[in-house]
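Trainee: Each chain, written out:
Protein chains: 2
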Amino acid sequence: MKKEITIYDLAEKLNISATTVSRGLQNHPAININTKKKIFDLAKELGYQSNKFASSLRKQKTHTIGVIVPRLNSLFMSSVLSGIEKVVNNAGYNLIISQSFEQEEKEKTNAITMYNNRVDALIVSLSYDSADFTHFNNFINKGIPIVFFDRVTDSLPVTKVVIDNFKAGYDATMHLIEQNCKSIMHITGNLTRNVYKDRYEGYRKALADSYIPFSDDLFITNDLSEQEIYNAVTNNILKRKQLPDGLFATNDSAAAYALTLFKEAGLKVPEDIAIVGFNNDFISKVTEPAITTINYPGNEMGENVARILINHLDGEGDLSLTSTVILNSELIVRGSSLKSKV
Amino acid sequence: MKKEITIYDLAEKLNISATTVSRGLQNHPAININTKKKIFDLAKELGYQSNKFASSLRKQKTHTIGVIVPRLNSLFMSSVLSGIEKVVNNAGYNLIISQSFEQEEKEKTNAITMYNNRVDALIVSLSYDSADFTHFNNFINKGIPIVFFDRVTDSLPVTKVVIDNFKAGYDATMHLIEQNCKSIMHITGNLTRNVYKDRYEGYRKALADSYIPFSDDLFITNDLSEQEIYNAVTNNILKRKQLPDGLFATNDSAAAYALTLFKEAGLKVPEDIAIVGFNNDFISKVTEPAITTINYPGNEMGENVARILINHLDGEGDLSLTSTVILNSELIVRGSSLKSKV
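Chains G and E supply the protein sequences, listed in that same order.
Using the numbering used here, you'd call the opening residue of the first sequence number 2 and step up by one each time.
Using the numbering used here, you'd call the opening residue of the second sequence number 2 and step up by one each time.
The following block holds chain G by itself, in its conformation from the complex:
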């Protein structure tokens, strides 16, 4: 890199004192407006960089917020990040983003990196298998605020932003029951994570309330990858003598892929099997029939997470008073589940 431009260089070229340059750059009222303009123009011309690091060191604030998420490459996650980035950027903060790749070990390493980078706050959605949360203790002990979203834990005294996954799972299942489904399958992720566990419990409650016995055969957990959904549908469900007549899948990609595979196997949706997904991703609108789903607005969740965090950092709110923020979500009925109108 080339030599750094300092306020002393600016002072020398303008033939004024470094103190005047420094004050001018900070828009100090004691400095004449014409002098300020000269200082700004020269600073811009020479590519002067305000010394944020030295300044951060003095103030003990870095104006960065760390984000640890399982993976970046899902539409839901990118919508959340888009919402977070919009709010924090407008508030003058930067985001440092890292992925745990669904592994507790990587999540721990990421947490140490964020801590050593002195982030002012941390935003987390937990990895698939995280069961131990001691890697967040340093933040909590030092009073660095943390907000969890979507995949959260009750084991830590931090603020959580979620939807009511129990209710969403209940509504999705009850809708299938109302469409006369008697044998309703549920495909979901690892029950260690609240999002999947709560949806599963909603599914069970809806069955119980309707006097439909729960069957282990109708319940599949896997990592929700394309490969695993293929295996579940092609090597398991489609090989059965008695096919289910309803499917509640924990995300729209899984629902869309299952729908495609069912149709390839000659089944009719919803006549033979009615399907409900989750998230209201764009993908749920372009299958035939379109997929009934739970609207889960990632962008709004991201904006919400960022806003309560920024309010806290700016002293306008106090996170310690807020345990949980629950956002609205609702069932959107489309063709994939409407047996009654067929």
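Among the hints, erroneous ones may be present.
[What the hints assert, rightly or not] Computed list of lysine-lysine pairs in DSSO-like fashion (alpha-carbon distance at most 30 Å, straight line):
| no. | chain 1 | residue 1 | chain 2 | residue 2 |
| --- | --- | --- | --- | --- |
| 1 | G | Lys240 | E | Lys286 |
| 2 | G | Lys168 | G | Lys206 |
| 3 | G | Lys107 | E | Lys62 |
[Stated by the list, open to error] Listed next, with one range per pair, are the computed distances between beta-carbon atoms:
| no. | chain 1 | residue 1 | chain 2 | residue 2 | range |
| --- | --- | --- | --- | --- | --- |
| 4 | G | Thr20 | E | Glu202 | 37 to 45 Å |
| 5 | E | Ile141 | G | Asn28 | 23 to 31 Å |
| 6 | G | Glu229 | E | Asn181 | 33 to 41 Å |
| 7 | E | Glu227 | G | Gly316 | 37 to 45 Å |
| 8 | G | Ile333 | E | Asn91 | 38 to 46 Å |
| 9 | E | Asn16 | G | Lys62 | 32 to 40 Å |
| 10 | G | Ser324 | E | Glu227 | 33 to 41 Å |
| 11 | G | Asp210 | E | Val334 | 44 to 52 Å |
[Stated by the list, open to error] Which chain E residues face chain G? A few, computed with CB under 8 Å, are given here:
| no. | residue |
| --- | --- |
| 12 | Ala31 |
| 13 | Asn74 |
| 14 | Ser99 |
| 15 | Tyr116 |
| 16 | Asn118 |
| 17 | Leu192 |
| 18 | Ile284 |
| 19 | Thr288 |
| 20 | Leu320 |
Note that these hints are calculated values from the structure, not bench results.
All C-beta atoms, glycine included, are put in the ideal place defined by N, C-alpha and C.
Once you've looked at the hints, dock chain E against the given chain G.
Mentor: Showing chain E alone in chain G's frame:
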């Protein structure tokens, strides 16, 4: 925040000198291994943070890489970012990410923020309408490396990572011609951007090579939003007396949505209109029929961008020797375009 733990606190508690603590933390060979262990254990227990900022200030390196992209919430972009993050994180760098929201003005502001944050390098995909690139001059003048990907410009002396959009556009169009399409529509984005311009020129060349005259009526540019695709299909194409028999859309979401709207209007795909998309997003696999598309691996592009940048920063490569990296992309034929087999 609580009081900061310093090496002096550690020194006092362990009853050794601050110099010994400092050397121990840096794993200096002069320090006894037992002493090192005591220092590390206490540092961990008290939540000591290595003082990266002071260290960065001395070394003039921040180990952060800035990323400016149009929007985070597309599957292509999140795949690219996922690839970038994976590589830079493994190399010990952090990402600072910001969105231009497709606006030149916001892109300029983001560039200033990145510059003042002293990123070690910058990764950029240009906004929809950026025509002036002076906001990158500070980086270039100071020798801070920049890599552009996907949406790039030839106006700056920086490295670009792209696919051959001209060839991809040519292949997509030629495939439709081979399927006997005579009236091929192209829906795409702003031609200011290389990606859309090059695909458009590929489309025109394929027509010209096949003696099919280009018609302005068959060419639509818009912002590719759901609303605009709806308008183009419902209020324009479907109102025509003479419908096109082929459509080449510049992304899979647009292709999938157009396919859905054509079918709702009673048209058959591919019999009445054959469709080719772009990107090979998951969405292209779940429509009926599945969509013929250009495979454009975002994750690999992201890893590529990050790897050449890290090699440069580590002194193992020299970006100034590389003008352009062109990644492979190929046509994937599916049901949406296969008229000949119907």
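Trainee: Now tell me if each hint is right for this structure.
Mentor: Verification of the supplied hints:
At roughly 23 Å between alpha-carbon atoms, lysine 240 (chain G) and lysine 286 (chain E) fall within 30 Å of each other, so this suggested pair holds. The straight-line distance between the Cα atoms of lysine 168 (chain G) and lysine 206 (chain G) is roughly 10 Å, inside the 30 Å bound, and the hint therefore holds. As the CA atoms of lysine 107 (chain G) and lysine 62 (chain E) are separated by approximately 24 Å, the hinted pair is consistent with the 30 Å bound. Separated by about 58 Å at the C-beta atoms, threonine 20 (chain G) and glutamate 202 (chain E) break the suggested range of 37 to 45 Å.
Range check, isoleucine 141 (chain E) to asparagine 28 (chain G): Cβ separation about 28 Å, and the 23 to 31 Å hint holds. Here the CB-CB span from glutamate 229 (chain G) to asparagine 181 (chain E) is close to 40 Å, well matched to the stated 33 to 41 Å. Against the hinted window of 37 to 45 Å, the Cβ-Cβ separation of glutamate 227 (chain E) and glycine 316 (chain G) comes to about 40 Å, which satisfies the hint. Between isoleucine 333 (chain G) and asparagine 91 (chain E) the beta carbon distance is about 40 Å. The supplied range of 38 to 46 Å therefore holds.
One distance hint, 32 to 40 Å for the beta-carbon pair asparagine 16 (chain E) and lysine 62 (chain G), holds here, with the actual separation near 33 Å. Checked against the hint of 33 to 41 Å, the C-beta distance between serine 324 (chain G) and glutamate 227 (chain E) comes to roughly 36 Å, which is consistent with it. The hinted window of 44 to 52 Å between aspartate 210 (chain G) and valine 334 (chain E) holds, with their beta carbons roughly 49 Å apart. Given the 8 Å rule on beta carbons, the hint for alanine 31 (chain E) is violated: about 24 Å separates it from the nearest Cβ of chain G.
Taking 8 Å as the C-beta contact cut-off toward chain G, the hint placing asparagine 74 (chain E) at the interface holds, the least distance being around 4 Å. Nearest Cβ of chain G to the Cβ of serine 99 (chain E): about 6 Å, under the 8 Å cut. The hint holds. At a threshold of 8 Å, the smallest CB-CB gap from tyrosine 116 (chain E) to chain G is about 6 Å, leaving the interface hint in force. Evaluation of the asparagine 118 (chain E) hint against chain G yields a held restraint, the C-beta minimum of about 6 Å falling below 8 Å.
Interface hint at leucine 192 (chain E): violated, since its Cβ lies 25 Å from the closest Cβ of chain G, which is beyond the 8 Å cut-off. For isoleucine 284 (chain E), the shortest C-beta to C-beta distance to chain G is roughly 5 Å, which falls under 8 Å, so the interface hint holds. Here the hint on threonine 288 (chain E) is kept, as its CB sits about 5 Å from the closest CB of chain G, short of 8 Å. Of the supplied interface hints, the one on leucine 320 (chain E) is violated, with its beta-carbon coming no nearer than about 14 Å to a beta-carbon of chain G, more than 8 Å.
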